[in-house]
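Chains as they are written, first to last, in the numbering used here: chain S, 1 to 465; chain F, 1 to 465.
No wet-lab data here; the hints were simulated from the structure. On a predicted model such as this, the values are computed, not experimentally measured, just so you know. Any given hint might turn out to be false.
[Stated by the list, open to error] Below, a list of computed lysine-lysine pairs in the DSBU-like style, where the Cα atoms sit at most 30 Å apart:
#1 Lys216/S - Lys447/S
#2 Lys220/S - Lys448/F
#3 Lys368/F - Lys216/S
[Unchecked claim] Only part of the chain F face toward chain S is listed, based on derived beta-carbon distances under 8 Å:
#4 Val6
#5 Pro10
#6 Glu14
#7 Ser246
#8 Val348
#9 Leu355
#10 Ser416
#11 Val461
#12 Ser465
Every residue gets a Cβ at the ideal spot worked out from N, C-alpha and C, and that includes glycine.
Protein chains: 2
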Amino acid sequence: MKRMTVIPEPVAGELTSLLGRERFLTSAADRESYAWDNTGNRFVPDAVVLAQTREEVCAILRLCHDHRIKVTPRGAGTGNVGGALAVEGGLLLSLQRMNRIVEISVPDRFAVVEAGVVNGDLQTKLDAYGLFWPPDPSSSRTCTIGGNVAMCSAGPGAVRWGVTRDWVLGLEAVLIDGTQIRTGGRTTKGVVGLDMTRLLVGSEGTLAVVTRAILKLASKPEQRLLSRISFPSVEMAAAAVSHLLSARQSPSAIEFLDGSALDLLRRETTLALPAQARAMLLLEVAGGVSGLKELALEMIEGIQRFKPLEWSPPVDGSEAASVWAARSALSPILKKLAPKRINEDVVVPVSRLPLLMTGLARISDESKIPIVNFGHAGNGNIHVNLLVDPRDPAIMGRVPGVLDRVFRLVLDLDGSLSGEHGVGTQKRDHIAWELDQACLNLQREIKKVFDPMGLLNPGKVWPRS
Amino acid sequence: MKRMTVIPEPVAGELTSLLGRERFLTSAADRESYAWDNTGNRFVPDAVVLAQTREEVCAILRLCHDHRIKVTPRGAGTGNVGGALAVEGGLLLSLQRMNRIVEISVPDRFAVVEAGVVNGDLQTKLDAYGLFWPPDPSSSRTCTIGGNVAMCSAGPGAVRWGVTRDWVLGLEAVLIDGTQIRTGGRTTKGVVGLDMTRLLVGSEGTLAVVTRAILKLASKPEQRLLSRISFPSVEMAAAAVSHLLSARQSPSAIEFLDGSALDLLRRETTLALPAQARAMLLLEVAGGVSGLKELALEMIEGIQRFKPLEWSPPVDGSEAASVWAARSALSPILKKLAPKRINEDVVVPVSRLPLLMTGLARISDESKIPIVNFGHAGNGNIHVNLLVDPRDPAIMGRVPGVLDRVFRLVLDLDGSLSGEHGVGTQKRDHIAWELDQACLNLQREIKKVFDPMGLLNPGKVWPRS
Numbered sequence: 001m002k003r004m005t006v007i008p009e010p011v012a013g014e015l016t017s018l019l020g021r022e023r024f025l026t027s028a029a030d031r032e033s034y035a036w037d038n039t040g041n042r043f044v045p046d047a048v049v050l051a052q053t054r055e056e057v058c059a060i061l062r063l064c065h066d067h068r069i070k071v072t073p074r075g076a077g078t079g080n081v082g083g084a085l086a087v088e089g090g091l092l093l094s095l096q097r098m099n100r101i102v103e104i105s106v107p108d109r110f111a112v113v114e115a116g117v118v119n120g121d122l123q124t125k126l127d128a129y130g131l132f133w134p135p136d137p138s139s140s141r142t143c144t145i146g147g148n149v150a151m152c153s154a155g156p157g158a159v160r161w162g163v164t165r166d167w168v169l170g171l172e173a174v175l176i177d178g179t180q181i182r183t184g185g186r187t188t189k190g191v192v193g194l195d196m197t198r199l200l201v202g203s204e205g206t207l208a209v210v211t212r213a214i215l216k217l218a219s220k221p222e223q224r225l226l227s228r229i230s231f232p233s234v235e236m237a238a239a240a241v242s243h244l245l246s247a248r249q250s251p252s253a254i255e256f257l258d259g260s261a262l263d264l265l266r267r268e269t270t271l272a273l274p275a276q277a278r279a280m281l282l283l284e285v286a287g288g289v290s291g292l293k294e295l296a297l298e299m300i301e302g303i304q305r306f307k308p309l310e311w312s313p314p315v316d317g318s319e320a321a322s323v324w325a326a327r328s329a330l331s332p333i334l335k336k337l338a339p340k341r342i343n344e345d346v347v348v349p350v351s352r353l354p355l356l357m358t359g360l361a362r363i364s365d366e367s368k369i370p371i372v373n374f375g376h377a378g379n380g381n382i383h384v385n386l387l388v389d390p391r392d393p394a395i396m397g398r399v400p401g402v403l404d405r406v407f408r409l410v411l412d413l414d415g416s417l418s419g420e421h422g423v424g425t426q427k428r429d430h431i432a433w434e435l436d437q438a439c440l441n442l443q444r445e446i447k448k449v450f451d452p453m454g455l456l457n458p459g460k461v462w463p464r465s
Numbered sequence: 001m002k003r004m005t006v007i008p009e010p011v012a013g014e015l016t017s018l019l020g021r022e023r024f025l026t027s028a029a030d031r032e033s034y035a036w037d038n039t040g041n042r043f044v045p046d047a048v049v050l051a052q053t054r055e056e057v058c059a060i061l062r063l064c065h066d067h068r069i070k071v072t073p074r075g076a077g078t079g080n081v082g083g084a085l086a087v088e089g090g091l092l093l094s095l096q097r098m099n100r101i102v103e104i105s106v107p108d109r110f111a112v113v114e115a116g117v118v119n120g121d122l123q124t125k126l127d128a129y130g131l132f133w134p135p136d137p138s139s140s141r142t143c144t145i146g147g148n149v150a151m152c153s154a155g156p157g158a159v160r161w162g163v164t165r166d167w168v169l170g171l172e173a174v175l176i177d178g179t180q181i182r183t184g185g186r187t188t189k190g191v192v193g194l195d196m197t198r199l200l201v202g203s204e205g206t207l208a209v210v211t212r213a214i215l216k217l218a219s220k221p222e223q224r225l226l227s228r229i230s231f232p233s234v235e236m237a238a239a240a241v242s243h244l245l246s247a248r249q250s251p252s253a254i255e256f257l258d259g260s261a262l263d264l265l266r267r268e269t270t271l272a273l274p275a276q277a278r279a280m281l282l283l284e285v286a287g288g289v290s291g292l293k294e295l296a297l298e299m300i301e302g303i304q305r306f307k308p309l310e311w312s313p314p315v316d317g318s319e320a321a322s323v324w325a326a327r328s329a330l331s332p333i334l335k336k337l338a339p340k341r342i343n344e345d346v347v348v349p350v351s352r353l354p355l356l357m358t359g360l361a362r363i364s365d366e367s368k369i370p371i372v373n374f375g376h377a378g379n380g381n382i383h384v385n386l387l388v389d390p391r392d393p394a395i396m397g398r399v400p401g402v403l404d405r406v407f408r409l410v411l412d413l414d415g416s417l418s419g420e421h422g423v424g425t426q427k428r429d430h431i432a433w434e435l436d437q438a439c440l441n442l443q444r445e446i447k448k449v450f451d452p453m454g455l456l457n458p459g460k461v462w463p464r465s
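With the rest of the complex left out, here is chain S (with noise of 0.2 Å):
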């Protein structure tokens, strides 16, 4: 508990006024449920808040502003780069609590959420409107659509229907002084000053804890029908991606398993795989019922030219969830076999995708660290998980000789680092291979212009400089 002095006494009596005991939490097992995310690491805040309303988020800043106490937000903490991590101590703000819908416009196609809501929460409640959020992370069912806006989430369906910045019309915000604002609107169009909107989706909570957020929707489909495409070779499988970006409808996921990822299937589920696939694609057109399977089997038809395997018939319901719980299995099975797994999401343009594929094999052999590949071809986004045992300290000292190679392919090919997850701790020492130096310096001196004295979501995204 010694660390604890770091809130001053006056300012946890004011949090305790304000909040009362319940919401504000200082015992070390309730700081521990906040430690923790998916990267597996651990800080212990000094104190959790839980935020319930807008006016109670700005107060808590405003106090942290006053007295110099650094504060991380927070969602529902499935993020991969320990974005919402208290790293560096301090506040940990949980928006969890604010949890409200506050308005769905079916005509004006919008919903007006708080930051807490989850994901899978607000697409069941839009399901009864025909509509939905088209970001789909595979954390939907727990993971906030704060925690969304702050990451620039995605998922399968970013091939077709963009990712979070593109299904996010305004926010309200609140800066680290306590002040509130507004960015964007209710309306699809809008050009009046700088997009603030896009500045803080992806800005991974450094500039600003966002509240309130106005999603724009889109119509449900009917139906969505999913078919496996096996290939002797990524190369096979790549020329197959980018012939189906040009099909007449986009398909609502294109998602790539490479060999190892099938070695794994084939060693640990029952699904049936020719001996000689090594790639295959998951793809998944959506729709109105009428028609769908056409379209689903012209663009079967139109990849026979990249000498596909095998490929099943497009199928849904009970037989479709099966075949995307093989590609869920994979994390399990990962994390049954490895002590520890790695899990880098880079990105490349899609032709690049057999090079990206040759040049990951080489250095698992070179490092003798198994890397296993797979996720959103679509839009060329990669997994890449190394295997390791952190207890092996041969094998932990090559991980970030590793890293680096892998990184270095990933920009050599004209790729980013990351396609979805952000940056957060995991990435921050990595971004100056990818950014030049003066859009670097520009960025930090935005990060200035909201939050001078650095309090807010310290330790993310920038370089230690």
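For chain S, the structure is supplied; the task is to place chain F on it using the hints.
For chain F alone, coordinates are given in the frame of chain S:
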């Protein structure tokens, strides 16, 4: 020529040796050609430079920076808000000669273009690959990609494909001190650092001079089919628009004409229109030939509940072109009827269109200034045209008050002052009505990060302080 004194002799000398006499223009006639845009306002720059390479842009801006000379970047000068006018004198920097299409990647569906490439020229080139770049401002045959990026341009297709910000993957730009920066990249996903690409898009040339853009491309629809649908009231037309937005595939355009626009067409064209029609929609669908007509008819069937008076069967080719021609004829007709037309491109949520129209009719009645309205109903983006005679001081005296009422009406309806034209000089005194003070202050500070001396495109966007 006496204002030429603001370009000091040594700078003129350096520009001459850098660009030659042919591309450093100081004659009154040459300067006059760069003094106009679509506002009809005239601001003669002190000199004009025609850059051909990004290295020249770097050198020009560095000179301006070192000698504190104001500089206004310009594409084709087709803007509606004065964004490309040298309103505070100084140097006018034309990007029109930087018009190379550097690369078109068919498998990765992007194009790399210089800022001066004409939108329509790019489309012609992309046509051969079955691709297009969706932003479609009405000036597309002359406007440049750099101008589109600066203003976040859009047109009728925005209802389906979105606006310029949705179709830019990355940028190359030059800061006022001559430093080159790169933002984004060649992938359709990427979340490394702040979204500098979207910060520059729509910043109206006030932050940096964009020299190159990496544009995301879409598959060009095989066919477009257009129907005219007339309604007895704006209410019914607006309700039909909301319904059309929920169709299984988005229309590629939902254009709107109000009663006063229809009156003009009755009087000035041979278009047959039902006598009771007080609103008309132009509904366009786009896609593969197979099933497209059925889709259009299904949409028209779906809006029968809103009691259209009449509708034309979906047509393409020359028949569709003649309808678009009638829509396009509105602007010349307005110019013929009134010595001056003041065109404000406001936007409201679609469901608020009836209230917007009622309010505009009241303002027109009370001010005795005719107002004609048409525009992109699918986005709630309406071009409000005030018809005035600049030689009539009584009328002109009422204009500022009328504009104030229009803007107040739009904001009361949760709208925005500009959907696609931007702020420039024309709306800078009104943006504080829409943006809150804290957000405006942040924007001013961001402007200072990029351009501390306020040399780049001065007199635009932000209110006089």
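Would you mind confirming whether the straight-line C-alpha gap from lysine 216/S to lysine 447/S stays at or under 30 Å?
27 Å, holds
| message | Under 8 Å is the threshold here; is the Cβ of leucine 355/F close enough to any Cβ of chain S for the hint to stand? | response | Status violated, d = 13 Å.
When the nearest CB of chain S is found for proline 10/F, is that gap smaller than 8 Å?
26 Å, violated
Could you check if valine 348/F really has its C-beta closer than 8 Å to a C-beta on chain S?
7 Å, holds
query: Would the hint on valine 6/F stand, with a C-beta cut-off of 8 Å toward chain S?
result: With a closest approach of 28 Å, the valine 6/F hint is violated.
task: Please verify that hint: glutamate 14/F, Cβ, nearest Cβ of chain S, below 8 Å or not.
output: 23 Å, violated
*For the pair we were handed, lysine 368/F and lysine 216/S, check the Cα-Cα distance against 30 Å.*
38 Å, violated
Once the shortest beta carbon distance from serine 416/F to chain S is found, is it less than 8 Å? 4 Å, holds
| said: Next item in the hint list is serine 246/F. Is there a CB on chain S closer than 8 Å to its CB? | reply: Holds. Min distance 5 Å.
For the hint on serine 465/F, does the least C-beta distance to chain S fall short of 8 Å?
14 Å, violated
Next item in the hint list is valine 461/F. Is there a CB on chain S closer than 8 Å to its CB?
7 Å, holds
(Q) So if I understand the rule, the pair passes when the alpha-carbon distance is 30 Å or less; does lysine 220/S with lysine 448/F pass? (A) Violated - the C-alpha atoms of lysine 448/F and lysine 220/S are around 43 Å apart, more than 30 Å.
Checked against the numbered hints listed earlier, the structure breaks hints 2, 3, 4, 5, 6, 9, 12; every other hint is satisfied.
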